[in-house]
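> If you read the protein sequences in the order shown, they are chains A and B.
Letter 96 of the first sequence, counting from 1, is numbered 100 in the numbering used here, and no numbers are missing.
Letter 280 of the second sequence, counting from 1, is numbered 395 in the numbering used here, and no numbers are missing.
Fair warning: there could be bad hints in the mix.
Stated by the list, open to error - Just the calculated beta-carbon pair ranges, DEER-fashion:
1) B:K274 with A:W68: 40 to 46 Å
2) B:Q271 with A:L14: 40 to 46 Å
3) A:W68 with B:L227: 43 to 49 Å
4) B:G137 with A:H41: 44 to 50 Å
5) A:M73 with B:V240: 24 to 30 Å
6) A:I114 with B:E333: 16 to 22 Å
Said to hold, decoys possible - No more than 25 Å apart at the CA atoms, straight line, and that leaves these computed lysine-lysine pairs for DSS-like:
7) B:K329 with B:K274
8) B:K335 with A:K117
9) B:K223 with A:K117
FYI, nobody ran anything at the bench for these hints, they're computed from the structure.
Quantities reported herein were computed from a predicted structural model and do not represent experimental measurements.
C-beta: ideal position from N, C-alpha, C; glycine also.
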Amino acid sequence: MGQHESNTKLIWQVFGFLSIVTIVEVILGIIKPHGLHFTNFLGTSLLNWIFIILTLVKAAGIMWYFMHMNHERKNFVNSIILPLIILIPYLVTLLLIEGHYIHEVMGSYINWKY
Amino acid sequence: MKATTADQNTNVWEGGATKPLGASYGKMMMWFFILSDALTFAGFLAAYGLTRFKFIDVWPIADEVFTHFPGIHGNYPMYYVALMTFILIFSSVTMVLAVDAGHQMKRKKVILYMFLTIIGGLVFVGSQAWEWKNFIKGEYGAVQLKDGKIIQFVNQEGKQIALADFAEKNNPISEHTRYNGLWNEKGETTSEYTTEGILESFKHNPEVGIRLEKINPETKQKIVILNKAEALKYLEQSARVVEGANLEVNEYGSSQFADFFFFITGFHGFHVTSGIILNIIIFANVLLGTYEKRGHYEMVEKVGLYWHFVDLVWVFVFTFFYLV
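Isolated chain A, as found in the complex:
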């Protein structure tokens, strides 16, 4: 393993960053700004897009600094990251389109008037 220099300072900086991102998410989740909540962009509100992007930023922060992806060889990083970023968006896209379709077909048969 050899001698490593301490990364304590960087670790606390990353922790601070992740905390700030979480606090921003929670504040947005509680106040739900009208201008972001009542919009529609690619199937959902802008607020939801902000949540998803912030989540991906957090995930990247954890993988890169806490799981030490920044110390791994590039081939290794790619062999982990590429399957994830290819397969997951693929599956999610198909399933969400399918869910939306089922809703359109099924929704008209549900009675809300009594």
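Mind docking chain B on chain A? Use the hints.
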């Protein structure tokens, strides 16, 4: 093609002589395990997404479901789950500090940080259990119609009220326990309310209205019906009283919501629990000086990877169950 020589096989567990990916066998396999587990969780969350899109106009609003905070009464959406997120991120930080101390062979620091990580994990699992308890117990109670729709009750301002706030407890059979009822038989807990009783109380109480599962797209809130005659048309279809949540029915709305909640947070909680057990094993080894003798603390790093992964999954569960 050159044959692999025999002496290379002796260090195959360290990744062989060439180490094409520059990582030891154990660490590499931990990463590939994490990759497969990440795809599993992605599959679950994608299935949740499909179901949610399928029921997009009737899905429960998370802010109205998870409103508890220990020690205080009232509506505090998000705060508790935000706290849980912090606890898990913090235990991730102590884990990475333990790995960092391990690189420098500082045994005492590794012991301290591993200990804090285990405590953080236990606190998180405990919080999760508390969250489940509140979810299972429910707060307001509701009525399920014959076709499966959930009807909740509101006051004149449209704020949700509990069954206890207006309905009489008129069910003579409250609970069939081991000691009360048939000898040594334990039945399902029945509600203290009956649908007939709720209907009667509803008719006589001018303050009470109902709320449908359906979301009004203009306001992104559930549709409220305060008109008595209109509301009664719904309530006359009542089939049963629902209090709390289980896998079959829940008072918050779509039964699939509770199913996915139990399954995904349960599966995550199971991962946290196994992570705590792995951490305890590693902690014991650090105390015994196993890694000191081995000359490196790579085991701490490998289990650390798993622990960070558990945190990583929670980040996504948090977003898709509570925020989006």
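> With reference to the structure, classify each hint as holding or not holding.
Structure-based check of each hint:
A C-beta distance of roughly 44 Å is found between K274 of chain B and W68 of chain A, which places it inside the suggested range of 40 to 46 Å. Under the hint 40 to 46 Å, the C-beta atoms of Q271 of chain B and L14 of chain A, about 56 Å apart, miss the expected range. For the pair W68 of chain A and L227 of chain B, the supplied restraint of 43 to 49 Å is violated, since their beta-carbon distance comes to about 25 Å. With their beta carbons about 46 Å apart, G137 of chain B and H41 of chain A fall inside the hinted range of 44 to 50 Å.
At about 27 Å, the CB distance of M73 of chain A to V240 of chain B agrees with the hint of 24 to 30 Å. In this structure the hint that I114 of chain A and E333 of chain B lie 16 to 22 Å apart at CB holds, the actual value being about 19 Å. For the suggested pair K329 of chain B and K274 of chain B, the alpha carbons sit about 16 Å apart, so the restraint of at most 25 Å is met. For the hint pairing K335 of chain B with K117 of chain A, the CA-to-CA distance comes to about 19 Å; that is within 25 Å, so the pair holds.
As the CA atoms of K223 of chain B and K117 of chain A are separated by approximately 68 Å, the hinted pair breaks the 25 Å bound.
The structure does not agree with the numbered hints 2, 3 and 9 stated previously, though it agrees with the rest.
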